[in-house]
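Colleague: The primary structure of each chain is shown beneath.
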Amino acid sequence: MSWSPYDLNGGTCIAIGGEGYCIVAASTRLSTGFSILTADKSMILPVNSKCLIASAGFDGDRSQLHKVLTFRSENYEHFHKKPMSCPAMAQMLGNTLYYKRFFPYYTFNLCAGLDDQGLGCVYTYDAIGSHERVGYSCQGSGKDLVQPVLDNQLKAPSILELPPKVAVTSLSKDEAIETVKIAFSAASERDIYTGDAVEIFVMTPEHGVQKEILPLRRD
Amino acid sequence: MIPHCQLPSHIATGPHVSPFVSSPSHAGRAEDLHVPSSGSSAPFSVAPSADHAEASAGAEPRKHTTYPYVTGNSVLAIKYKDGVLMAADMLGAYGSTKRYKSVQRILRVNDTTIVGASGEISDFQYISNLLDELMTQDFCYDDGCTMTPKEVHAYLCRVMYNRRNKMDPLWNSLVVAGVDKTSGSFVGSVGMLGTSYTDSHVATSFGNHLSRPLFREFQRDDMSLEEAVSLMQEALRVLFYRDKTSINKYVLAKVESSGVAISKPFALDTKWDLKAFVNPSKHAVGSW
Amino acid sequence: MFRNQYDTDVTTWSPQGRIFQVEYAMEAVKQGGCAVGIRNKTHAVIAALKLSQDADLSSYQKKVFKIDNHVGIAVSGLIADGRILCRYMRNECLNHKFVYESPLPVSRLIRDVADRHQVATARSWKRPFGVGLLCIGHDQTGPHLFQTCPSGNYWEYYAIAMGSRSQASKTYLEKKLEDFESCDLDALVKHALRALEESCGTRKKDDKDGKLTKDNCTVALVGEGNPLLVLDGEDVAQYVDAIHAEQEEQAVAATAAAAAEMSIDGSQGRDATADMPDAPTGGAEEGAAAAGEDAPASEGQQPMEEG
Chain A
1 MSWSPYDLNG
11 GTCIAIGGEG
21 YCIVAASTRL
31 STGFSILTAD
41 KSMILPVNSK
51 CLIASAGFDG
61 DRSQLHKVLT
71 FRSENYEHFH
81 KKPMSCPAMA
91 QMLGNTLYYK
101 RFFPYYTFNL
111 CAGLDDQGLG
121 CVYTYDAIGS
131 HERVGYSCQG
141 SGKDLVQPVL
151 DNQLKAPSIL
161 ELPPKVAVTS
171 LSKDEAIETV
181 KIAFSAASER
191 DIYTGDAVEI
201 FVMTPEHGVQ
211 KEILPLRRD
Chain B
1 MIPHCQLPSH
11 IATGPHVSPF
21 VSSPSHAGRA
31 EDLHVPSSGS
41 SAPFSVAPSA
51 DHAEASAGAE
61 PRKHTTYPYV
71 TGNSVLAIKY
81 KDGVLMAADM
91 LGAYGSTKRY
101 KSVQRILRVN
111 DTTIVGASGE
121 ISDFQYISNL
131 LDELMTQDFC
141 YDDGCTMTPK
151 EVHAYLCRVM
161 YNRRNKMDPL
171 WNSLVVAGVD
181 KTSGSFVGSV
191 GMLGTSYTDS
201 HVATSFGNHL
211 SRPLFREFQR
221 DDMSLEEAVS
231 LMQEALRVLF
241 YRDKTSINKY
251 VLAKVESSGV
261 AISKPFALDT
271 KWDLKAFVNP
281 SKHAVGSW
Chain C
1 MFRNQYDTDV
11 TTWSPQGRIF
21 QVEYAMEAVK
31 QGGCAVGIRN
41 KTHAVIAALK
51 LSQDADLSSY
61 QKKVFKIDNH
71 VGIAVSGLIA
81 DGRILCRYMR
91 NECLNHKFVY
101 ESPLPVSRLI
111 RDVADRHQVA
121 TARSWKRPFG
131 VGLLCIGHDQ
141 TGPHLFQTCP
151 SGNYWEYYAI
161 AMGSRSQASK
171 TYLEKKLEDF
181 ESCDLDALVK
191 HALRALEESC
201 GTRKKDDKDG
211 KLTKDNCTVA
221 LVGEGNPLLV
231 LDGEDVAQYV
241 DAIHAEQEEQ
251 AVAATAAAAA
261 EMSIDGSQGR
271 DATADMPDAP
281 TGGAEEGAAA
291 AGEDAPASEG
301 QQPMEEG
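Protein chains in written order, with UniProt numbering: chain A, 1 to 219; chain B, 1 to 288; chain C, 1 to 307.
Keep in mind the hints are simulated off the structure, nothing from the lab. Be a bit skeptical, because a hint or two may be false.
Stated by the list, open to error - Okay, derived cross-link-like pairs now, DSSO-like style, lysine-lysine, Cα gap no bigger than 27 Å in a straight line: (1) LYS67(A) to LYS166(B); (2) LYS66(C) to LYS97(C); (3) LYS214(C) to LYS176(C); (4) LYS166(B) to LYS100(A); (5) LYS82(A) to LYS97(C); (6) LYS81(A) to LYS97(C); (7) LYS97(C) to LYS41(C); (8) LYS214(C) to LYS82(A); (9) LYS214(C) to LYS66(C); (10) LYS264(B) to LYS275(B); (11) LYS211(A) to LYS97(C); (12) LYS62(C) to LYS211(C); (13) LYS41(C) to LYS175(C); (14) LYS81(A) to LYS41(C); (15) LYS100(A) to LYS97(C); (16) LYS244(B) to LYS81(B); (17) LYS249(B) to LYS275(B); (18) LYS81(A) to LYS62(C); (19) LYS82(A) to LYS66(C); (20) LYS275(B) to LYS81(B); (21) LYS176(C) to LYS30(C); (22) LYS101(B) to LYS244(B); (23) LYS41(C) to LYS181(B); (24) LYS81(B) to LYS67(A).
What the hints assert, rightly or not - The following label-pair restraints were derived from C-beta to C-beta distances: (25) LYS211(A) to ASP221(B): 20 to 30 Å; (26) ARG220(B) to PHE71(A): 36 to 46 Å; (27) PHE139(B) to SER49(A): 32 to 42 Å; (28) THR96(A) to LEU268(B): 25 to 35 Å; (29) THR96(A) to GLU248(C): 52 to 62 Å; (30) ARG220(B) to ARG111(C): 39 to 49 Å; (31) SER158(A) to GLU234(B): 52 to 62 Å; (32) ARG220(B) to ASN226(C): 31 to 41 Å; (33) ASP221(B) to HIS207(A): 27 to 37 Å.
All C-beta atoms, glycine included, are put in the ideal place defined by N, C-alpha and C.
Whole structure, please, built from the sequences with the hints as guidance.
Modeller: Encoded structure:
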């Protein structure tokens with residue numbers, strides 16, 4: 001038996017960008033192996049009024065990563081007198097992850113918010129910093145269950161389409177929130193690491209960031 | 001040395017901790033690792049350094065903890081109306097040997113905070129020194145500011161995580177509990193990898209399996225001290241019946257806004273003369 | 001300053017036991033624009049006068065800095081040195097937040113930054129920082145107001161002013177000290193601005209240089225449940241306008257009262273107005289203060305003391 005510096009604490013997160021809104025949601029269960037550590041641990045970092053980051057994976061790396069990002073975004077605000085934009089944060093997150101390429105943060109991130117045009121933007125990552133801007137995405141232990149549902153339900157234009165179209169969903173904000181809720185309820189049926197509750201952050205230019213909590217299966 | 005060469009399989013998300021390759025005693029899981037396994041691996045060994053040249057040159061190779069020696073088991077903590085309650089037994093086990101029987105595993109940090117530890121006792125004593133230094137610092141500043149339980153917890157999270165980053169972990173699961181003038185009672189935990197959480201109730205190692213179901217059912221943040229103490233005793237009793245590396249000698253600590261109180265060691269009443277205990281196979285018809 | 005043989009470096013004592021380089025640095029603080037700080041039970045406020053190279057051609061130099069959500073500073077002296085210390089303080093706060101997830105106690109931050117000042121007074125290859133800081137903050141022990149000095153000394157205050165002509169502000173603060181502890185936040189900001197205006201320069205009638213404007217001053221406030229807020233430009237205009245409006249009112253009331261008294265009792269009236277033609281009479285001022293209007297000290301007539 002050799003010691004490993006990594007653990008997998010489970011959890012699922014979803015982000016959806018729409019026209020004039022952005023949704024980021026993540027389950028709150030923290031597990032190790034077959035044990036539940038707590039039913040109420042947030043995986044979402046509200047960076048500022050324009051950007052949210054959700055990370056599934058190993059909790060130790062997640063809290064370190066979130067602290068590093070908070071530190072840098074606060075420094076940015078001191079220097080530039082404005083909050084970091086979501087695309088800027090997305091690039092920095094990619095660099096931060098790649099900086100630890102050979103001892104990676106074992107986290108699977110989504111960076112989402114509103115861009116300068118007020119359009120929802122979502123960036124999806126792997127553990128070592130590769131990333132891509134997409135219209136919606138899903139990470140974590142339940143991603144295999146949820147991603148196909150999103151592909152099917154969100155009616156976003158295909159990325160393969162030419163000429164390329166903006167990849168945000170045509171769904172209204174309320175429809176998209178409903179889809180997120182259904183996706184989490186479904187994931188908690190089969191994924192033992194997704195459950196207890198889901199935090200849903202909704203970002204709009206008019207109302208800023210609003211948070212809602214939906215209870216899930218607790219077993 | 002660093003097992004990050006396994007990365008490609010990590011990148012595929014999902015529970016890579018498959019039930020078929022990892023049983024509780026063999027999985028590389030933080031919360032269970034400090035339970036000494038009675039399996040095939042030699043119980044007390046420090047893994048040989050990969051750098052044999054360094055060793056043969058006469059210089060001692062740098063040794064990291066790859067296995068705990070003297071370990072403490074479960075620590076339990078719950079919130080109640082006026083504060084928090086924490087309990088642990090006093091055993092320091094050497095593998096499965098009950099080696100030390102008066103080990104104090106709950107530490108008073110200051111007037112608002114206590115820390116309990118399971119896992120490697122010597123590492124916990126080192127952590128005690130770190131916390132002592134912090135408190136000395138508070139004293140020397142002499143500005144009326146003292147560390148809150150939340151701050152102690154955050155600090156210990158960084159300490160544990162930094163050591164895991166050095167591949168030289170402090171082999172403990174720590175529980176921090178206390179009360180804060182502004183934000184009320186606090187109970188939190190951090191494991192040797194830096195995995196941390198706060199909740200209304202916390203338990204490490206075996207306690208997470210045996211006591212927390214009781215807590216989930218019966219613990220309320222507004223329960224009285226008496227109710228909290230009897231719930232805690234019940235949880236300890238269940239642990240004592242089922243966890244062979246525990247002894248019937250406990251310490252109970254409470255923190256209220258008036259300060260910290262840590263009890264003298266005490267024992268619980270236990271009952272072993274139930275019929276099912278006397279002749280366990282009697283009611284198991286047919287099989288063993 | 002007169003040159004003498006003991007002031008060429010910071011590690012040489014004069015026979016009188018002085019270190020001139022440090023004293024020169026403290027002199028630089030006195031040349032800087034004035035800054036005023038006041039504290040009540042729950043909040044702390046600073047107001048600072050911004051200088052400008054040329055009011056028409058250049059902008060005003062920024063001298064109030066946010067350090068963290070619970071700390072802010074005003075700088076007098078070499079603003080460039082102040083920026084370095086500001087960066088240091090921001091870093092200290094961030095590092096503390098990183099490790100402890102809580103704001104750094106203000107007194108510890110001040111001690112750390114004062115230690116940095118001190119080191120620069122005791123190394124042959126360094127020079128003292130040419131800045132004084134007024135620092136407001138709020139932590140678990142309540143609101144705080146500190147001042148640091150190039151020598152490495154620091155003090156905590158209920159109210160203080162520093163920078164050029166700050167003596168006039170201090171006089172105002174001493175006079176009104178009793179009011180600060182229990183007044184509300186709005187009143188506290190106004191007190192700070194009135195004190196600051198005392199140090200604005202020679203105050204002849206209709207002298208615009210002697211007045212605060214929304215452009216030449218900055219206010220910062222922090223307190224229980226209020227993260228640090230820096231008010232500039234239009235945000236500070238409402239306060240500046242409010243104190244000026246109050247002054248106008250009092251001046252009108254005072255002249256009316258003086259006129260009334262003159263007409264009733266000529267000899268008394270002549271007595272009161274002989275020395276200070278436009279000043280409110282003592283009775284009028286007391287009346288205004290008792291009515292809770294916090295009358296400012298008789299504006300415009302007292303000769304200013306140069307700090």
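Colleague: Next pair to validate is LYS275(B) with LYS81(B); report whether the Cα-Cα distance is within 27 Å.
Modeller: 39 Å, violated
Colleague: Is the Cα-Cα distance between LYS81(A) and LYS62(C) 27 Å or less?
Modeller: 13 Å, holds
Colleague: Hint check: LYS81(A) vs LYS41(C), CA-CA at most 27 Å. Holds or violated?
Modeller: Distance of about 30 Å is beyond 27 Å: violated.
Colleague: Taking 52 to 62 Å as the hint, is the beta-carbon distance of SER158(A) and GLU234(B) inside that range?
Modeller: 59 Å, holds
Colleague: Holds or violated: LYS82(A) with LYS66(C), Cα cutoff 27 Å?
Modeller: Judged against 27 Å, a Cα distance of about 13 Å means the pair holds.
Colleague: Would you mind confirming whether the straight-line C-alpha gap from LYS81(A) to LYS97(C) stays at or under 27 Å?
Modeller: 20 Å, holds
Colleague: Does the structure keep LYS264(B) and LYS275(B) at a Cα separation of 27 Å or less?
Modeller: 33 Å, violated
Colleague: Taking the CB of ASP221(B) and the CB of HIS207(A), does the distance hold inside 27 to 37 Å?
Modeller: At 32 Å between Cβs, range holds.
Colleague: Next pair to validate is LYS66(C) with LYS97(C); report whether the Cα-Cα distance is within 27 Å.
Modeller: Between LYS66(C) and LYS97(C) the Cα gap is close to 16 Å, so the pair holds against 27 Å.
Colleague: The hint says 36 to 46 Å between ARG220(B) and PHE71(A); measuring C-beta to C-beta, is that right?
Modeller: 37 Å, holds
Colleague: Can you tell me whether the CB distance of THR96(A) to LEU268(B) sits inside 25 to 35 Å?
Modeller: 50 Å, violated
Colleague: Holds or violated: LYS81(B) with LYS67(A), Cα cutoff 27 Å?
Modeller: 32 Å, violated
Checked against the numbered hints listed earlier, the structure breaks hints 10, 14, 16, 20, 24 and 28; every other hint is satisfied.
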